[in-house]
Amino acid sequence: MKEAKTPALRVLSPGLLTTLQDLGREGYQHLGIPVSGALDPMSLRAANALVGNPLGSGALEIAVVGPTLAIDADEVRMAFVGAQAAIEILPDVTASAGTLIGSNESIRLRRGDIVRIGALRNATTLYVAVEGGFDVAPALGSVSTYIRGGLGGFAGRALASGDRLPLVRNSATERDEYRLDGLDLGLPKRFRVIAGPQSDYFSETARAKFFGGEYTIVGSDRMGMRLDGPKIEHLRGYNITSDAIAPGSIQVPGNGKPIVLLADRQTTGGYPKIATVISADLPALGRLPIGAKLSFEPVSIETAVEARRQMLAEIETIEDRIVPLVPEATDVAPRLFDNNLISGIIDGKIDEQGRVA
Amino acid sequence: MPDYKVLPAGDTALIVEFGEGIDRKISQRVLALARSLNAAGIGGIIETVPTFRSLMVYYDPLVLPPQSLAARIDESIRGLRLAEVAGRAWRLPVCYDAALAPDLEDVAARTGLSVAQVVERHSAVDYHVYMLGFLPGQAYMGDVPRELNLARHETPRPRIPAGSLAIAMAMTCIFPLVTPCGWHLIGRSPIPLWDAHGPGGALLAPGDRVTFTPVSMREYENLLVKAIEGTLKILPTEGLGAAA
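Quick note, the sequences are listed as chains A and B, same order.
Each residue of the first sequence is one higher than the last, beginning at 1 in my numbering.
Each residue of the second sequence is one higher than the last, beginning at 1 in my numbering.
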C-alpha cells in the first residue's frame, strides 16, 4: 500500500553534525561564498557509486556521532562509506538492539526500518548515499550545506530531529547489492604541500621547523583544523593585507600554531600562509580526526599535478571497484563489529606519503 | 621585470599580486585583470577572486598547465585597460541612531569630532568595494576619511548583530550576519547584503560604488520590516540592473 506522503528519510536523532554535501559550489567565492562540499570527496564518490548514482551527487556527511534515521519510503538502497562506526538496522523505534551491517556496501532497506549510526571511531567523516539521491533543490549550483550562510542542503542547516529529508525514489531498483573492493580510503600521516604563497613571511629556520615537525590535530570543523606542534615564528608580523584562501591553505596566526583550511573556509583572510596541501591529498586530509598526527612534505608543482592526474585516474576507476556481494552476504545477517572496517585501513595499502593510488 | 608577482597557492590556484597594501590603483588593476580573464573564457580557469591587492585564479592544472596559465595572465596584464570601468552604484540607507551604534560616541571622542561630524564625514564618501570576503556578501568598502581611521578594538566583541555598520582603519563594512567582530560599530543598515534565498546571494560585488544615506530610527524600522517580509527591493542607481 502506498502512502500519500513523499518518500523520505525521517530524522529521529540528528547526530552531532549531519549535513547534505556534494562536491561544492564553484564560481561564487568573489561574493564571499565558500565552496563547501564534502570534506572527503573520495568517500562521497564511493558511496554514490555503490548505489549507482552519479559520483558527485549529494550525500549525507556525518561528523563524530551519527544520526538515527527512519525509512519513510517503500524501499531505499543505501550505502555507507568512511569512518568505522556501529551501523545498526532496527525493526522499529522500540527495539533496543538491531542488526549490525557493514560499511562499504550497499543495502536495501524497507519502510519502517531504522538506521542507527553510532560514534565514528577512526576517522572524522562518514558518507551516506541513497539510490536516486535526495530530492533537494540546488542552491547556487550545489546542494552542499553552508551552515554559516544558511545556504544549500536541507533548509540551509544541519539535520534536526523531526526533519523529513525527501528522496527522489520511493523504491529500489532490482539489482544485486555491491561492495567496494580495493579503493584506498586510508589515513596517511604525511601530506604533500606546495610552499607559499607567503613563504617570505617566515625565516628559513621557521620553514625547516614546519616541514620537519610533527603536528597533532587539536580541533577541527568544516572550516579548518587547528594543529599543535612546533611553533612557527613570523619574520615580519602576522598580519597581511587580506588575500584569498585556497583549499588546504596552512595559515599561521599570531600564536605560531598552524591552521589548515578546509571546505567551509572563509574565502579571504589576513594571516600569512606558509604552504598549501596539494589537491590530491585533500580527500585524505578531510578524514583525519582530532588527535591524529601529521607532517608536511614540500613537493614541486609538477609532482602535485602528477598526483592530481593519478587521483583523477583513481576516480575514473571507482565504478570498476564495485563488485557484487557474495550471495550469503546479501542477507542482513549479524556481523562482527570489527568487520565494519574500511579496507584501506586494515590492509594499509596507502604508502608512506599517503599517495592515493 | 614585470611589476606583479605570481605565487602558487597549491596546485589549483595562482595568486597574481600587484602590491602589498590597500590602494585604489592596485584595486583597479586587480579588478581589471579579473574582468579580462573572466571575459576571455579561458578553458581550465574555474573562478577568479579579487582581493585588495591580488587576484586569486582557481584553475585545473590538468586542463591548463600552470605555465600556460601564467602566460595567459601575463598577456592579459599587458593588454589591461585601466580606464575606470564603472561598477554598479548603490545608495544604501543606514541608521546612525545611538541605540544602534554602540561605538559612535567613543569614535567621536577618539577622533575629536562631534557625533554629528562623524556621521557627516562617514556618509559623505563615495565608497569603492575593494572585495567581498570573510562572510558571504560582506563587502570591504573604502576609503574612510583619514580623520576617522581607528585601529580595531583589542578585544573583539563575541557577537554583533547582522546589519551592523562598522569602521576599522580605512575600511567600512556592513556585516551581513551575526559574527564576532573587533570593528567600531557606528550604525545599522536594514538592507540584507546576503540573502541565501536570493538569486545570486550577495547584493554587492567587487568594483561597485556605495554611498550611505542616513535614515531615522523610524525609517530604519520600516525598512527592516519590509526586508524581513521580503518586499524591500534595492536596485543600483547606476550600472547593470539599475532602476530606470
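Hints are not guaranteed to be accurate.
Claimed, not checked - Partial selection, computed: residues in chain B whose CB lies under 8 Å from chain A: (1) Ile15; (2) Phe18; (3) Gly43; (4) Val63; (5) Val125; (6) His128; (7) Leu132; (8) Ala196; (9) Gly201.
Stated by the list, open to error - When the alpha-carbon atoms are kept at most 30 Å apart in a straight line, the in silico DSSO-like pairs for lysine-lysine are as follows: (10) B:Lys5 with A:Lys209; (11) B:Lys25 with A:Lys231; (12) A:Lys293 with A:Lys209; (13) A:Lys231 with A:Lys257.
Honestly, the hints are just simulated from the structure, not real lab data.
From the three backbone atoms N, C-alpha and C, an ideal C-beta is built for every residue, glycine too.
Hints, verified against the model:
no. : hint                   : result
1   : Ile15                  : holds, 5 Å
2   : Phe18                  : violated, 11 Å
3   : Gly43                  : violated, 14 Å
4   : Val63                  : violated, 11 Å
5   : Val125                 : violated, 20 Å
6   : His128                 : violated, 15 Å
7   : Leu132                 : holds, 4 Å
8   : Ala196                 : holds, 4 Å
9   : Gly201                 : holds, 6 Å
10  : B:Lys5 with A:Lys209   : holds, 26 Å
11  : B:Lys25 with A:Lys231  : violated, 37 Å
12  : A:Lys293 with A:Lys209 : holds, 16 Å
13  : A:Lys231 with A:Lys257 : holds, 6 Å
The structure shown violates the earlier hints numbered 2, 3, 4, 5, 6 and 11.
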